[in-house]
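Q: What follows is each chain in one-letter form.
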Amino acid sequence: MTDTQSDRLRLFHDDLVRAVSSTPGVARLVPSYREMLSRSARAVFGNDVPEASGIDIVVRRAGTTIYADFYADRGFSTGTITDAVHETVHKIAQADCGADSPGGLSGWGDITIKVRILGIS
Amino acid sequence: MSNNGDDTLDVPDEFPEDEHLRASYGRLEDVLADYRGSSEPDEIAGSTLKQRIMDIVQQESLRGPSTELVSPRGNRFDVTTSAIRAEVRGVIDGIGGLRARRVGLRCVDESASRFDVEASLTMAPTQSLQRVVPQLRAAISEMLNGTFGIETASIDLRVEDIYDD
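Note that the protein sequences, when read in sequence, are chains V and E.
Residues -8 to 112, numbered by my numbering, are exactly what the first sequence covers, in order.
Residues 840 to 1004, numbered by my numbering, are exactly what the second sequence covers, in order.
Calculated from the structure, these hints are not laboratory results.
Where is the CB? At the ideal position from N, CA and C, for every residue including glycine.
Watch out, some of these pointers could steer you wrong.
[Said to hold, decoys possible] A partial selection of chain E residues facing chain V, derived with a Cβ cut-off under 8 Å:
| id | residue |
| --- | --- |
| 1 | Asp869 |
| 2 | Tyr874 |
| 3 | Leu888 |
| 4 | Lys889 |
| 5 | Ile895 |
| 6 | Leu901 |
| 7 | Pro911 |
| 8 | Asn914 |
| 9 | Arg953 |
| 10 | Met982 |
| 11 | Gly985 |
| 12 | Gly988 |
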């Protein structure tokens, strides 16, 4: 992956984190595997991890898989939250594909979204 | 499984039989392949990376299995089974004179998120079994449906003990 493609992936990731974090019913994201691999274990497993991303993006020729792990707010339907997350992710992916993609990564292909709710808070 | 000392960075070749752990390992394998293929500014030693991989594996093990559910629009999603059990326990504990013990879930129809629920509890001697059981069944059913979209096929309640404290 070129630096430009990496930058684009990072921007896509950051957009997803912002959007999913602000989806109604999403209480908080947890550190993604990627974040846990690249940061110190102490920071990852600390009680207060405000910068936790909680989203892994795996891009393959066959398509893109997006993993979102989070805690849900009490009082919300987890299924409704999941549907909202799906809608948000697809909107961002479509907007991103419509933009210029100088890195040559023309699109994210078929997107599979894997939502996992770790608990109700 | 290969074992080349501290520099071994592969996830195990032979995944456990547990479906949940296999899915987690599959994800870890993909993320790890991307991580190793990308140019990280803060490259870390192999032994440190191995430790972090093991941290992820341990964390997944602690989270335990997940239950697959279906959203109103048909999107499949996972909820940790411990989270569902905790909510059922919360309903039981929320009724005066009852204390939750074990909670079990068994999928009856995956496509419809339909489950059998088993819960054991202890009860205060002042509590009326005849009065509380229908109330408890209704409360558990309502919570499972409202929070997780789970339809309860049956709710089996078992009073294991009468407590007096």
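Q: Run every hint past the structure and note whether it holds.
A: Status of each hint after checking the structure:
{"no.": "1", "hint": "Asp869", "in the structure": "holds (4 Å)"}
{"no.": "2", "hint": "Tyr874", "in the structure": "holds (5 Å)"}
{"no.": "3", "hint": "Leu888", "in the structure": "holds (7 Å)"}
{"no.": "4", "hint": "Lys889", "in the structure": "violated (11 Å)"}
{"no.": "5", "hint": "Ile895", "in the structure": "holds (5 Å)"}
{"no.": "6", "hint": "Leu901", "in the structure": "violated (11 Å)"}
{"no.": "7", "hint": "Pro911", "in the structure": "holds (5 Å)"}
{"no.": "8", "hint": "Asn914", "in the structure": "holds (5 Å)"}
{"no.": "9", "hint": "Arg953", "in the structure": "violated (14 Å)"}
{"no.": "10", "hint": "Met982", "in the structure": "violated (10 Å)"}
{"no.": "11", "hint": "Gly985", "in the structure": "holds (6 Å)"}
{"no.": "12", "hint": "Gly988", "in the structure": "holds (4 Å)"}
Checked against the numbered hints given earlier, this structure breaks hints 4, 6, 9, 10; the rest are met.
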